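Protein chains: 4
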Amino acid sequence: MTDFFKGIPAIKFEGAQSDNEFAFRHYNPDEVVLGKPMKDHLRFAAAYWHSFAWPGGDPFGGQTFQRPWFGDTMADAKLKADVAFEMFQILGVPYYCFHDADMRPEGANFAESARNLDEMTEYLAEKQAESGVKLLWGTANLFSHRRFMSGAATNPDPDVFAYSAATIKTCMDATIRLGGENYVLWGGREGYETLLNTDMGRERAQAGAMLQMVVDYKHKTGFKGAILIEPKPQEPTKHQYDYDVATVYGFLKDFGLEGEVQVNVEQGHAILAGHSFEHELALARELGIFGSIDMNRNDYQSGWDTDQFPNNVPEMALAYYEVLRAGGFKTGGTNFDAKLRRQSLDPEDLILAHVGGMDACAAGLKAAAAMLEDGKLEAARNERYSGWDTSDLLGLDLSTIETRVRELDIQPEPRSGKQERLENLVNKYL
Amino acid sequence: MTDFFKGIPAIKFEGAQSDNEFAFRHYNPDEVVLGKPMKDHLRFAAAYWHSFAWPGGDPFGGQTFQRPWFGDTMADAKLKADVAFEMFQILGVPYYCFHDADMRPEGANFAESARNLDEMTEYLAEKQAESGVKLLWGTANLFSHRRFMSGAATNPDPDVFAYSAATIKTCMDATIRLGGENYVLWGGREGYETLLNTDMGRERAQAGAMLQMVVDYKHKTGFKGAILIEPKPQEPTKHQYDYDVATVYGFLKDFGLEGEVQVNVEQGHAILAGHSFEHELALARELGIFGSIDMNRNDYQSGWDTDQFPNNVPEMALAYYEVLRAGGFKTGGTNFDAKLRRQSLDPEDLILAHVGGMDACAAGLKAAAAMLEDGKLEAARNERYSGWDTSDLLGLDLSTIETRVRELDIQPEPRSGKQERLENLVNKYL
Amino acid sequence: MTDFFKGIPAIKFEGAQSDNEFAFRHYNPDEVVLGKPMKDHLRFAAAYWHSFAWPGGDPFGGQTFQRPWFGDTMADAKLKADVAFEMFQILGVPYYCFHDADMRPEGANFAESARNLDEMTEYLAEKQAESGVKLLWGTANLFSHRRFMSGAATNPDPDVFAYSAATIKTCMDATIRLGGENYVLWGGREGYETLLNTDMGRERAQAGAMLQMVVDYKHKTGFKGAILIEPKPQEPTKHQYDYDVATVYGFLKDFGLEGEVQVNVEQGHAILAGHSFEHELALARELGIFGSIDMNRNDYQSGWDTDQFPNNVPEMALAYYEVLRAGGFKTGGTNFDAKLRRQSLDPEDLILAHVGGMDACAAGLKAAAAMLEDGKLEAARNERYSGWDTSDLLGLDLSTIETRVRELDIQPEPRSGKQERLENLVNKYL
Amino acid sequence: MTDFFKGIPAIKFEGAQSDNEFAFRHYNPDEVVLGKPMKDHLRFAAAYWHSFAWPGGDPFGGQTFQRPWFGDTMADAKLKADVAFEMFQILGVPYYCFHDADMRPEGANFAESARNLDEMTEYLAEKQAESGVKLLWGTANLFSHRRFMSGAATNPDPDVFAYSAATIKTCMDATIRLGGENYVLWGGREGYETLLNTDMGRERAQAGAMLQMVVDYKHKTGFKGAILIEPKPQEPTKHQYDYDVATVYGFLKDFGLEGEVQVNVEQGHAILAGHSFEHELALARELGIFGSIDMNRNDYQSGWDTDQFPNNVPEMALAYYEVLRAGGFKTGGTNFDAKLRRQSLDPEDLILAHVGGMDACAAGLKAAAAMLEDGKLEAARNERYSGWDTSDLLGLDLSTIETRVRELDIQPEPRSGKQERLENLVNKYL
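Protein chains in written order, with our numbering: chain Y, 8 to 437; chain B, 8 to 437; chain C, 8 to 437; chain A, 8 to 437.
Please keep in mind that the hints were generated in silico from the structure rather than gathered at the bench.
Hints may contain errors.
Just so you know, same-sequence chains aren't split out, so a pair can sit in one copy or run between any two.
List of simulated lysine-lysine pairs, DSSO-like, C-alpha gap at most 30 Å [claimed, not checked]:
| hint | residue 1 | residue 2 |
| --- | --- | --- |
| 1 | K19 | K383 |
| 2 | K231 | K13 |
| 3 | K435 | K225 |
| 4 | K383 | K435 |
| 5 | K260 | K435 |
| 6 | K19 | K225 |
| 7 | K46 | K435 |
| 8 | K435 | K13 |
Here the structure is a predicted model, which means the values were calculated and not measured.
Looking at chain Y on its own, in the form it has when it is part of the complex (with noise of 0.2 Å):
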């Protein structure tokens, strides 16, 4: 045991009127919702990128934490790696997510950079062996980089796309050795900066080979995992071409991938791509490619991903109400892609935040659930489109119909779609 988290104890649950800091007042793991664990409907993930290797900064600061592990041989890397499972047991989440730049260091190539890979996912294979706790997720940083600053699959530069795929198949190999039940893809600078020297043509073009690359090389390899794309419409880059779930979508379509790859849908993402988080959820479900999703919240008054710790329960609930209306995660989980506020320099805040974001999103689900089982939101909906189960129309054409109304003189009455007592319904539940 490292002593960075000295003092503070596992976390347990001890029920809403709990005083203790240091404990769930909502997530109790083997508490049955709608018929299993709410750690079964939750799937719990910790980031290690935001918790572990993020110093700090923003676009006019450097950095403020100070962490015994910052550095860049293998001895910080694995000092980093013991510290985060000790989190990882502290909270009792039972699955955590990494790209590789957060858990190896760069090496001076790529040889290099690949030879660190290989000795830490032996190193963390032991450490989960050791702790039960899993891998939801593996993903290739190809944003961060200098050499990756004009694109990754994206780039102008050949070279670039190769040392990309390569850097690929290295974490899709670590995934799968790590038993990792996702592979994502989340496209940081595959964008542009400006259409001026940007030939869009051969980009998506690119794109949808190296995305072709990745379902070839899960299917060689047997991995039983889903690939996953994360959207997200801009930041870093001004425009990027995984927009958001609908966008996606249309790209899966053109490249014929629409079966094998879903979505990971963050919170934050869907705020800055106009959307609320629960309307990317419904859609991505509606178009069968719902898969997992990164939980954070966006600040609504500011215009960059703040990635901050989820805490408003009434729209957890409206987004885990979507997720049980997809069936659940299957593969997916909830990672929290959130960090703490660069103020929050101390080991215990770590702790807290991800204690308030799982409670938060255990009551979200919670009410969700009652929501779903009481039934009555899903009745009031089924009432509203009860006209078409037994309506010919959509089998008609245009000169038919034209025909129909006429004979019968059509006059359609509208009727009152109910939305604040709708609201008022799920209010209820909260």
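Use these hints to put chains B, C and A onto chain Y, whose structure you have.
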């Protein structure tokens, strides 16, 4: 002749130095640009609705305009048409566009509305014949009347779907009778106010079925024009299903209609969706669904559709550059979907707003043509990607590429994206 | 009794477990919170305009509501008043608010409008006396009629200033006659569409002069209520002069009126100005100009004023926390400046929307009171700044401080801001 | 001479037709505009920080630039200064601006940082003397180092206030030593991340006290330059106290400093605050606090500070029109607070970005001057308000005005605001 525009002369080209407000300084219809007359590049159209049917209201105030044709008789509708064609001829725009609701009075039921439409269609046909002005596109207004408050094709009530389908048929008939070159669908109410009462799966299926019916009717009638969808993200709804070009593309792919339907891209809608106008145009081109444009300007500081006349020439240049790169308009054109400010009460405001807009477009087109002719921008773009011209990478797989990266020790070196110098280059043509 | 709300009972408190849609689950008027009844904390008011005068239109569609009192006769106006007071009594709201234009028909000229206002004022006085419902505030609608299209006090035409001043006088008289506890000014057209035709210096001076006249008239008449300005950044104008609380404060200071005028803060307007509601409330408190609130909810994804009924209890809790920290309302209250969605056609929608809103506010208030009573949040805040309690720094000068920093070799060590744990703490009370 | 800009010539004016990338097409320093040389209108300054100290990072990636002077020795700092002055001279900018942190290495404590600053100040003084380049303004960076993470003047820890005050003193001293014409304060961390841990009242009082100390020190030292506050709404904080021009004005009035302090208005910050640049400039002029400008361009689709070089000439024209209406710059100037895109790696990118920006400003200035000289815009504005020239209304009271409205039966008739024709007029000068 009515006396609405009394004293206002036909607008002629007088050149950049002219001090005459009632003259074009840049739009010279027969001036040849890139091998064809400017008028055939721009294919200007005026919009019936904003210019002649809108009373000047906003959410906080009612009618400011007082037009002699405001009323709901056929005589009013004919006077409106007379004035509209006078404006088209004063401006020398070769085209106009309409919704049914702009040009005929609403009847007591479907049949009466359809009769009114028929009668006005014949009246407009005569006006077209007399004036030589043509119809760029027709469309149905399926959003203003209260029957459409919960959607048209996507309404929970099949009767509204039927009413909408029948209305579309009559509007397609009118468009065909008037020799329209396109038929447009804008789904102003095809979206939702709240997910709580919305069955997104049903609504998408309904929208897809309606679009298929429209395409079938096009083929059945032998209509040669294009079917165009006009994307918009929201307003009046919280979310509109044809959010942006990428979303429409995914929708078309889903229903197998990507070869049948194109997009009519509006500047203001692009801005509201978080995109630049040129982005939406470039994307439509790359996806093969570029059709036509609605030209206006959205205030960058206002979060709703301001539909102002365009006046920023550098922005127009970037937009027409993408139009030219798409091969220019085929059936499409430049429709001024722009409205006067509600304080611009005078008949001459209506003329001058169009004069300024046409001049801004013409100046933008000339700059775009010069950029394209000069070729430096395209040369720089091609050079940036030239490494790909001889690359075999897209045909390989991840393992092969990884081996190559290791063997060749590929270490990509970033190269300048040169954004600022390309921006300087663009400014040279303005 | 009209039969508009036929069959809808007076709303009673039944507690959180009630399944009755027509009951309060949180609002228990006489329940004592922090030493006084909940109703005296919240001081709920219903808004005449949204609930009874708005026809359900939006920029893309017209009237959806069909109310028996829509029309422009005095009989219509009285029927509207009858129904309004029935709603106030069903809900048990102690207050209402009005604009002149909501409650009297527009006359053919100023004198006739004023006569109509007088007659309706007497009618409302009787309704108040019968029902015990009181007037929280009155105001003049100086934005809907076309005469105000270019501003009221800030109009380029002095005649409009005069008409506005005269109208304000009649509305202040009506407010006084009805025992109103405040008089509100919202400058919907006091801004500009374009700087090109605007003399901002003149317009500010005109606005300052008008406000001084209002204050003078208050003193002349002995009106004891507060004069309130309601900030809004834009819409309908591109820019509104009373953009937000900070802007109004600067304006008041400029004209020496900061001791005479307070603010009526609206959630939706705060959001449109880029602020959280609680920010605007906290700032108003710190500046000493907090007066009253307009309670609604703005859709975070919509860039215009959506004026929805509030339903997010955690947000309400933060808002009322700032109200309580300001010492609670004096003359102010909680006015539901919220409107039904235009698809919510039924009389019961109007009742249920208010029930849900009142419950959300009540739940928020109780949470806020618990936070304040518990004291942990304030203790943490005070502790964070405790170094200042004994500091003499603010009385020194730069040179003295520099010397001290050098001599003591001051090297400040950052301390955690603890944001996440404070957010967790807040959630405990919800 | 270093060899950083090797091969790049001094930039000369060659006129609009020049094909030379390394020449001005519009900026002709000695060309007389409105009676004085262009260079004296524009008073261009280059920013030390963006051009020489920024490594090219963003929130998702690190350093892209590799400059020979990156490091933290005094030798690095001097090499940076050498290259900076080479750039100033190549461009022919008469001014530059700096933060302490840009030009001196951070020391181990305050005293060492101050010594480094002193030494570099002397070095820069020599460079100024050799080159003739002058200092437009200096400022202290009180936001990058972790000690400032919770604010500088507004920090909960008095020690940080003290450290900040001492730092400001040294920076004012350096500014005075270098003949700076202004001293600027931008409060990047003077705001909050969450209201929950913030005492807004204390923080405002601290900020006011600090500003008073700065003003006192100005008077004590006899510094003749202006003290400037640079408004920004947010980023890095959630809320910044000097949100926009109107907010700063209220703050100055509150502390009685409106005659002592002016504003340095930045285009990007205006956009982020929901305003146009010209709005902020016009408002500053009307409030009597216009000082200087930071010239850059914010991407309209990005919700963070993009600080791009300006390139839209019509926007520049509107900005300089307001500057000219304010009487032009006194101590202020046009500081390029703009940074290269992080992909623009080459030394020549740095030169060309400035060349394009200077040309855009010069073209804007010339258009603005022509507008003002021609006088049509001002004539139209004055005509619109001419009714006020002879009005006695502002001296009356509500009752008197009401009587007049009744007696004269005033019925104001709206007149066209003519926005579109004024926009056309502006375009004529471009």
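Verification of the supplied hints:
With identical chains, the CA atoms of K19 and K383 are at most 30 Å apart between copies only, with a shortest distance of 23 Å across copies and 34 Å within one. In this assembly of identical chains, the alpha carbons of K231 and K13 never lie at most 30 Å apart, being 38 Å within a copy and 56 Å across copies at closest. Taking the closest pair of Cα atoms, K435 and K225 never come within 30 Å of each other, the shortest separation being 45 Å inside a single copy and 45 Å across copies. For the identical chains of this complex, K383 and K435 are neighbours both inside a copy (11 Å) and across copies (28 Å), given an alpha-carbon limit of 30 Å.
Taking the closest pair of Cα atoms, K260 and K435 never come within 30 Å of each other, the shortest separation being 40 Å inside a single copy and 40 Å across copies. For the identical chains of this complex, K19 and K225 are neighbours neither inside a copy (38 Å) nor across copies (59 Å), given an alpha-carbon limit of 30 Å. Taking the shortest alpha-carbon separations for K46 and K435, both the intra-copy value of 24 Å and the inter-copy value of 21 Å come in at or below 30 Å. Taking identical chains as interchangeable, the C-alpha atoms of K435 and K13 lie at most 30 Å apart only when they sit on different chains, with a minimum of 25 Å there against 41 Å within one chain.
Going down the numbered hints, you'll see the structure goes against 2, 3, 5 and 6, while the others check out.
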